[in-house]
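Peer 1: As a plain string of letters, each chain reads:
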Amino acid sequence: MFGYYLHLAWHSLRRNRVLTALMVLAIAVGIGAAMTTFTVLHVLSGDPLPGRSGELYYPQIDPQDARGMMPGPMPPEQVTLIDGMNLLRAKRADRQALMAGGTVPIQPDASSFDPFYVEARYTTADFFAMFGAPFLYGHGWSGADDEAHARDVVITRQLDDKLFSGADSVGRALRIKDTTFRIAGVLDDWHPNPHFYDLTTGAYNYYEQVFLPLQTALELHFDKNGSNDCWGNGTGGMQGGAYPSATCVWLQFWVQLDSPAKAAAYRQFLVRYSEEQKALGRFQRAPNVRLRNLTQWLDYNGVVPGDVRLQAWMAFGFLLVCLVNTVGLMLAKFLRRAGELSVRRALGASRRALFAQLLTESGVIGIAGGSAGLLLALFGLWMVRHRTSDYAALAHLDPAMLLVTFALATGASLLAGVLPAWRACNVAPALQLKSN
Amino acid sequence: MELRPILSTLRRHKITAWLLVLEIALTCAIVCNAVFMIGQRLERMDLPSGIAEHELVQIGLGHIGNSPDAIAQSQTDLAALRQIPGVQQVAVINQLPFSNGGSSNSGIRLSPEQQQDTLEASTYYGEGVLPTLGLHLLEGRDFRHDEYADFGTVIADLRNGDLKNLPSTIIVTRALAERLWPGKDALGQTLYVGKGLPFRVIGVVADLARPNNLNWGVGYSTVWPIRMTVADGSSYVIRTAPQDRDAVLKAAVAALKQLDPNRVVLVKRTYDEARHAFFANDRAMAGILVGVIVALLTVTVLGIVGLASFWVGQRRRTIGVRRALGATRGDILRYFQTENFLLASFGIVLGMALAYGINLFLMMHYELPRLPGIYFPVGALVLWAIGQLAVLGPALRAAAVPPVVATRAV
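Line by line, the protein sequences are chains E and U.
Position 278, counted from 1, in the first sequence is what our numbering calls 292; the numbers after and before it change by one each time, with no gaps.
Position 118, counted from 1, in the second sequence is what our numbering calls 780; the numbers after and before it change by one each time, with no gaps.
Incorrect hints may appear among the rest.
[Said to hold, decoys possible] Capping the alpha-carbon separation at 20 Å, the derived lysine to any residue pairs in SDA-like fashion look like this:
1. U:LYS930 <-> U:ALA917
2. U:LYS857 <-> E:THR261
3. U:LYS930 <-> E:LYS276
4. U:LYS930 <-> U:GLY953
5. U:LYS930 <-> E:ASP128
6. U:LYS930 <-> U:ALA948
7. U:LYS930 <-> E:ASP243
8. E:LYS276 <-> E:ASP243
9. U:LYS857 <-> E:ALA143
10. U:LYS676 <-> E:ASP243
11. U:LYS676 <-> E:THR402
12. U:LYS676 <-> E:ALA143
13. E:LYS292 <-> E:LEU349
14. U:LYS857 <-> E:VAL432
15. U:LYS857 <-> U:LYS846
16. E:LYS105 <-> E:PRO129
17. E:LYS292 <-> E:GLN270
18. U:LYS919 <-> E:ASP128
19. U:LYS857 <-> E:LYS276
20. U:LYS826 <-> U:PRO774
21. U:LYS857 <-> E:ARG437
22. U:LYS846 <-> U:LYS826
[To be verified] Distance ranges between label pairs, derived from CB positions:
23. E:GLY295 <-> U:LYS912: 53 to 63 Å
24. U:THR960 <-> E:GLY60: 47 to 57 Å
25. U:LEU1022 <-> E:ASP412: 34 to 44 Å
26. U:LYS912 <-> E:SER179: 27 to 37 Å
27. U:GLY763 <-> E:GLY246: 46 to 56 Å
Since the hints were derived computationally from the structure, they do not count as laboratory data.
Glycine included, each C-beta is placed from N, C-alpha and C at the ideal position.
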């Protein structure tokens, strides 16, 4: 029966080619625009570490002076060096890492390369295990290496390809800003997006190429980047080795807590720590702590650009207009075929049969529109990739979104077909025959 | 024109008519807001920076290995850059208006006891900021040479709590002066930063936009007598004639490389390029909005044409009868035009309410101002015009139906 409906649909669609083209086109551009923006939104609001994000927490404490205190303020979004080191050494979480971003010059031995700058992350031992960074060769450094200011470095596969043509470079030397480091490990491709562990360097498409111990970097006065917030007479410091003062927050501190009970306990620890520091006279405010997990932290920071959300809303509105348009055209078309339909009714076709026939027709339009819309979405994403925003390179259609496209297109046009089909199949057989 | 027959016809096609009204309403609402947002973006892209935009080039350097005496090197660099033909002014400046990346800002207070900062002003450091950027000094004076302090010394003094040698003068923008001391002369006033460090205003410049965080107040900027070096992350800013920019940039990079080959050029651009890059997202968004408007109007026009054509086809016999009974072609034409006018009017009324609602939503979530009232009548006129244009083709075809159709079977 379905084959016969398809046959009928094909005939009917061919009879009004312009109208058919119009309906397919409307669905196609609507779906194309919606899928382009939804894909971008989907990519940007994705989970950077699926499976791990629930156990990662970003503790915040409030070390600011009493001046300008308002009721219910948010604690600063980063930590001071002193607090960071204290929390790190307290080791109250399953894993913890303190970190800051920077830029370092690499001085390759081979004279064929000019020195070049790369983004760097100065961090502590647990970073790799906590964030599940995959190693291609070797491994990270240990907590003892942290305290010993070891000249150890972990590089990315990309840098390994560039400097050592992809060979296992563990144990080899790498010169960074006039200091020789030993390569401890090479990371396989690892690009968490958004760049959740440090949003101050840009939320998307920001990748470090070298990772080295924080205390080593501080000792060697490596340049830092990212932002700092200061109070009192604190100064942010600048490149050339002047780090921000003690009254500035400029480092990120992450912890891994494997159960909600541990998270609650860690929160208590943060409150106790704040009380202790207040007793010591370092903190002036009452304990003001937050412990957000990764997802909450991304939400709190509103990492998805407002423009992207706006575009998604707009595309949704556009899709709605396209659908209304299609419903209108289909309704007009189906109602005009009242004569034909009533003949079929008079010859014994049930209402359900007519309904199925008309829905088949709208389904065909949906599939045609969806296919064309998919092409348009691919083109749209290609356009997005050629823009200059930092997230541009991430705009790719994944299999899940591909399925959603098709489901959306057919679903939308079936939905658009329901009302017209129902109206049209309610035609009284005899009446229509008479009027003709 | 008699409206009753039109209305009664529409009543027989209630759902179809309502769908068309709904489509026009949605289009109207989205297009009104989209046009408004384009205006907002263009306004933003058009903000004045206050500097001689077309005469500036910027060079940022990174030092490989440990840097030598940064102050001495900056002096040598500056001397060399001044020798380049075409160079009018050179300065080491920490930041430029409308540029991405970090920015330097400071909380400003009006008295040392004040608890909350009045506002967050951007802070421009560097010797010779005014002549190099081409700022327009409205009153007061520029800093004297002996007022400048080295950035490194200032940082060290602040850390040691040794505050007596800190600079104590500042230049502010007119926007900042009017915000801090409305109706008063800003010259000679004192503002406070940090733990009550006083700075006396010695000059007011017309405009100087901040690098980013524009929502903190585009024009709230200050210039400080603090001398920078490239090692502090500042960059060389050169002022030259617009037509010399490329040549000067090339010669300057060559001269700097020659002075110390152990450096990497991190930034090398004209200011126009920097500004262009800063507003790239706004430009893209404006482009997308234009695309949305065109697409929406096209779909709606095609929808109107499609539906009108259908109705004309459906009513051929009726039209024939009317023609046979004495209606002129003009009558038929006007019938369809009036019908469209009625539908469009319903759509516009509904659409305006919807546009207002969407605007309220955007105001809540995207810091957009209220939609100006002028959008409503203009939007209505545009949609009426578009509706009439769309229906013209089918209406003319309807008018061309000969009376003899009435006598034939369908």
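Peer 1: Look at each hint and say if it fits the structure.
Peer 2: Each hint tested on the structure:
At roughly 13 Å between alpha-carbon atoms, LYS930 of chain U and ALA917 of chain U fall within 20 Å of each other, so this suggested pair holds. At most 20 Å may separate the alpha-carbon atoms for a hinted pair to count; LYS857 of chain U and THR261 of chain E meet this at roughly 12 Å. Distance hint between LYS930 of chain U and LYS276 of chain E is unfulfilled; the C-alpha atoms sit about 51 Å from each other, more than 20 Å. Straight-line distance between C-alpha atoms of LYS930 of chain U and GLY953 of chain U comes to about 34 Å, which puts the hinted pair past the 20 Å bound.
Straight-line distance between C-alpha atoms of LYS930 of chain U and ASP128 of chain E comes to about 18 Å, which keeps the hinted pair within the 20 Å bound. Under the criterion of a C-alpha separation no larger than 20 Å, the hint pairing LYS930 of chain U with ALA948 of chain U is inconsistent with the structure, at around 28 Å. For the hint linking LYS930 of chain U to ASP243 of chain E, the alpha-carbon distance of about 29 Å lies beyond 20 Å, and the restraint is violated. Our distance criterion of 20 Å between C-alpha atoms is broken by LYS276 of chain E and ASP243 of chain E, whose separation comes to about 30 Å.
Our distance criterion of 20 Å between C-alpha atoms is broken by LYS857 of chain U and ALA143 of chain E, whose separation comes to about 42 Å. As the CA atoms of LYS676 of chain U and ASP243 of chain E are separated by approximately 62 Å, the hinted pair breaks the 20 Å bound. Between the alpha carbons of LYS676 of chain U and THR402 of chain E the distance comes to roughly 48 Å, so the proposed pair goes past 20 Å and is violated. The suggested pairing of LYS676 of chain U with ALA143 of chain E is violated, with an alpha-carbon distance near 65 Å, which exceeds 20 Å.
The suggested pairing of LYS292 of chain E with LEU349 of chain E is violated, with an alpha-carbon distance near 78 Å, which exceeds 20 Å. Restraint check for LYS857 of chain U and VAL432 of chain E: not satisfied, since their Cα atoms lie roughly 70 Å apart, outside the 20 Å limit. Only pairs whose Cα atoms come within 20 Å are accepted, and LYS857 of chain U paired with LYS846 of chain U is rejected, the gap being roughly 25 Å. A distance of roughly 38 Å separates the Cα atoms of LYS105 of chain E and PRO129 of chain E; the hinted pair therefore is violated under the 20 Å criterion.
Of the supplied pair hints, the one linking LYS292 of chain E and GLN270 of chain E is violated, its CA atoms being roughly 26 Å apart against a limit of 20 Å. This hinted pair checks out: LYS919 of chain U and ASP128 of chain E have alpha carbons roughly 13 Å apart, not beyond 20 Å. Straight-line distance between C-alpha atoms of LYS857 of chain U and LYS276 of chain E comes to about 40 Å, which puts the hinted pair past the 20 Å bound. Between LYS826 of chain U and PRO774 of chain U the CA atoms are separated by roughly 16 Å; this keeps the pair inside 20 Å, and the hint holds.
In summary, the hint linking LYS857 of chain U to ARG437 of chain E is not supported, as the alpha carbons are separated by about 75 Å, beyond the 20 Å threshold. Under the criterion of a C-alpha separation no larger than 20 Å, the hint pairing LYS846 of chain U with LYS826 of chain U is inconsistent with the structure, at around 29 Å. Evaluation of the 53 to 63 Å hint for GLY295 of chain E and LYS912 of chain U yields a pass: the beta carbon distance comes to about 57 Å. Between THR960 of chain U and GLY60 of chain E the C-beta distance comes to about 33 Å, which lies outside the given range of 47 to 57 Å.
With their beta carbons about 35 Å apart, LEU1022 of chain U and ASP412 of chain E fall inside the hinted range of 34 to 44 Å. Taking 27 to 37 Å as the suggested C-beta distance range, the pair LYS912 of chain U and SER179 of chain E conforms, at roughly 34 Å. Checked against the given bound of 46 to 56 Å, the beta carbons of GLY763 of chain U and GLY246 of chain E, roughly 26 Å apart, lie outside it.
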